[in-house]
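Novice: What follows is each chain in one-letter form.
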Amino acid sequence: MNALLDAIQMVATGEVLVAILASAVYGMVIGALPGLTATMATALLVPVTFYLSPIAAVATIITSSAMAIFSGDIPGCLMRIPGTPASAAYTDEAYALTRKGQAELALGASLWFSALGGIAGTVALMIMAPALAEMALSFSTFEYFWLSLLGLMCATLVARSSPIKAIASALLGLLVACVGIENPGGVPRFTFGSTDLLGGIEALPALVGVFAVSEIMRAMVSAPPPPLPNRKLGSILAGQWDLTKRFQKQMWRGNVIGVLIGALPGAGADMAAWVAYATSKKMSKTPEKFGTGYPEGLVESGAANNSALAGGWVPALLFGIPGDTITAIAIGVLYMKGLNPGPTLFSEKASSMYALYIVFMLANILMIPLGILMIRVSRQVLRAPRAVAMPLILLLCAVGAYAIGNNPFAVVLVAAFGVLGFVMERNGYPVAALVLGIVMGTMVEQNLVTSLIKSDGDILPFFERPVAAGLAFFTLAAIFWPAVVWLIRRLRPAAAAR
Amino acid sequence: MHLSDRVTGLCLALLGSLAFWGGSRLPAVPGQDVGPAAFPMVIGTGLVLCGLMIAFGIGHTFEVEEPAEREEAPGLAKLLGGLDWLAAFLPPVLLLFYVVAADRLGFLITAAIMLLVASRALGASWRLAIGVTVLAPPFVHLVFYKLLRVPLPDGPLTMPW
Amino acid sequence: MSQFTRRGALAAGALAGIAPLARPALGQGNYPSRPVQVIVPWGAGGGTDATARIVASLLEKEMGQPFNVVNRTGGSGVVGHSAIAQAAPDGYTIGMITVEICMMHWQGLTELKPTSYTPLALMNEDPPGVQVNASSPYRDIKALADAIKASRPGQMKASGTGQGGIWHLALAGWLGAMGLRADHVRWVPSNGAAPAMQDLAAGGVDIVTCSVPEARAIIEAGRARSLAIMAPQRNPQFPNVPTLNETLNINYSVGAWRGIAAPLNLPTPIAQKLTASLQKVWNSQEFKDFMNARGFGMVWGDADGFATHMQRADQTLGDAMKAAGLVRS
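Chains as they are written, first to last, in full-length UniProt numbering: chain D, 1 to 498; chain X, 1 to 161; chain W, 1 to 329.
Hints listed in this document are in silico derivations from the structure and should not be mistaken for laboratory results. Keep in mind that this is a model prediction, so the values were computed, not measured. The beta carbon of each residue, even a glycine, is placed where N, CA and C say it ideally should be. Just so you know, not all the hints are guaranteed correct.
Unchecked claim - Listed next, with one range per pair, are the computed distances between beta-carbon atoms:
#1 V25(D) x P66(W): 18 to 26 Å
#2 K288(W) x L21(D): 31 to 39 Å
#3 T45(X) x A134(W): 40 to 48 Å
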């Protein structure tokens, strides 16, 4: 109890509160710019943390990353440019709502369930950190292999297209992920002698290309949409309480999926959002409405990616194993500030830990008013004439892609993926599946090959461990599901004809 | 740019076989039974299978037909008439222009050219197009160069920050 | 994007109207007279990035001009390293180069060698440690070495980084020093040290040869033990971990190092001035506090010291890579 009081005192200083507020605004803005990510927001903060007290330093990272993950949904929803691979899972859904004139509902749902998800994730972190960390440590490459394959199969469940085309898109993404030297053999692969391709193709330029640039390309050959009715902007939160009651089960399921997947290092928020969206569609009573601007999937996956963010801190705080790139940076800051990750952080520095929990809570509560402000400002984008908005987005795509690694080659990639995305969409190939393939490619291959090296080429260990066997069952079921459905459809009309 | 499933499917199958062939030529790594060749070969096989299935129309029944947009686009597409689909490729061309020109012309001028061409191609009036061309590049430069410390090339024009 | 308000744009536009200025003329006399770019070939947030950022902020204090860190990623470090080498040798572009510069040219990934730069100062080196799972039977490095010698080739598995990475070469070189083949212990490539340590804790591999600071959290959590480090002396941060030399009488040491370098043909006065400032930075309390907090090893080398250090590393790593069959001509 004393520790808790100490913690409140540690947080309730001017420095910490100002740091939280400033980094919240900062994270909101960076996250909303296409091409700039939560990771970049966090990395740019590191030099600032040199001059801050330990709690304030970690608070800036917690706050700015939570805000950036939420505000990454804003360009996704308004302009179909997902800010992070995590929001790519439900970008089409949110954009469909915007096109129906319900941008506030989509953004409000994203905000409200992000905040609730973040709070649920924090509570899970508080009461179950040791248990979650134990689970994370028991996952070896065999389990990770099945998990990543399962994540990949979500692409076929999510798509509103032929499952075969979805699988083909995902395979294309995996092939893109093969490029470069970052493979288990350390051999340059499909680089055609280019130095730029040596490091592989990152997901972010691909993301910006297939979503944003292809959207601008489409605008070039289509008539401008009818202007939105300029009605008064309703309350952003008004509809959310109804949604919370209506989709309560989905929200909780999203939180649980988020915390569990988030706690697994390397899996993180990206996969959590995809798995949650796919689960939501699979379990829904009205799966045919998914993708047409229906909030059910938004609720579940929006909750999942923010609770995954909190879950990602579990292995970081207990073992110094980063759950994702953001916590990797955070671990460095923790060390620098003498808050060395490890079980001792929970026993000897309990008050500091409580202080971090309080910061998590504050950040997620602060997200709601700031988010509302941000939504109101950014909604103006929809009023701008298309002939101005689209060129500006194109410019931001160029600068944002360049900013990832200060490498002009990223801009070339954005252009190439723009063309690819445009052609794919015109022909019914889901681009989200391509992005998922690129994101998951390294993980699938890494875990497959290292598992085979460890087992000396034996397949049996992939099914021996109980968790691995369970995951294998789900994965294989997901792979063969489309074939089963196709057979059933094929047989039914035949039976009817008879 | 609507191609038939037969064309895209066969393209995928071709790409898959190229990936398989390219993968099979990768060197083995000492100390690894399963080398860097395995994964591209598996993916290549998968792509060939999927491509053939798509070419033969399997799974086509799952697709939702999008309503075709038959309205005419303003700006460049209208100008091109029958070849209006070419207009779609302007944005990637402008991105490549940015890569080539940014170092020589500097960020401000390159960005201004991009904005002017793109907004005119989308059918903006001269007033609107020039307005955005003049106002937006300095603002974007301020945000990225000053606040985010992205080293945008200067060129002949330097900003005061 | 959403920040694009009309008022903001107008204000910025007005500013732009008044102020496009010609670039100030530069003289070499009182270097530095304008901001200096510090190129980092690795991504933001990693250990190299963090070290470069603290060095840059201290140099800024020391020399009175902004030192801006720029991450030039891509090509597994090749892109950034070439950007440093190909910049104008005027002292306004310097960079942090890492041990990979002594490895990449052996693999045929680039023509760049340590001699493609004007070395300024060596700032840090982290030697590899030998870590095992806490519940493994090997209490000390001797027991482990005996077990390795007794095992059949490929039976034991080790990890720590990707195939051909610095920690892989550390293992290969150590095995070579014990008179074994480089692949006697099979290397399981991993995506960095953290996943390797996790797999060690999960029982997936037997040994991890990453640096001790990288293994620290898991060791402190009681899931792993560090048996030895491959360095000439013990690390003052981890005084209980013996060196290979004092336990096995094997004098083998490699390490992941980071230093500051400039393009070739940097004028000598500028180079000397930078090296002198870097020495002050290295000796400053802020730098020491930072390095100690991160557990990074403090090793200093001036321009000549850095050059010899790189030359030696180039030789040692080249030999290790040949032994491991990683050299491509």
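Novice: Now tell me if each hint is right for this structure.
Specialist: Now for the hints, and whether the structure bears them out:
no.	hint	in the structure
1	V25(D) x P66(W): 18 to 26 Å	holds (24 Å)
2	K288(W) x L21(D): 31 to 39 Å	holds (33 Å)
3	T45(X) x A134(W): 40 to 48 Å	holds (43 Å)
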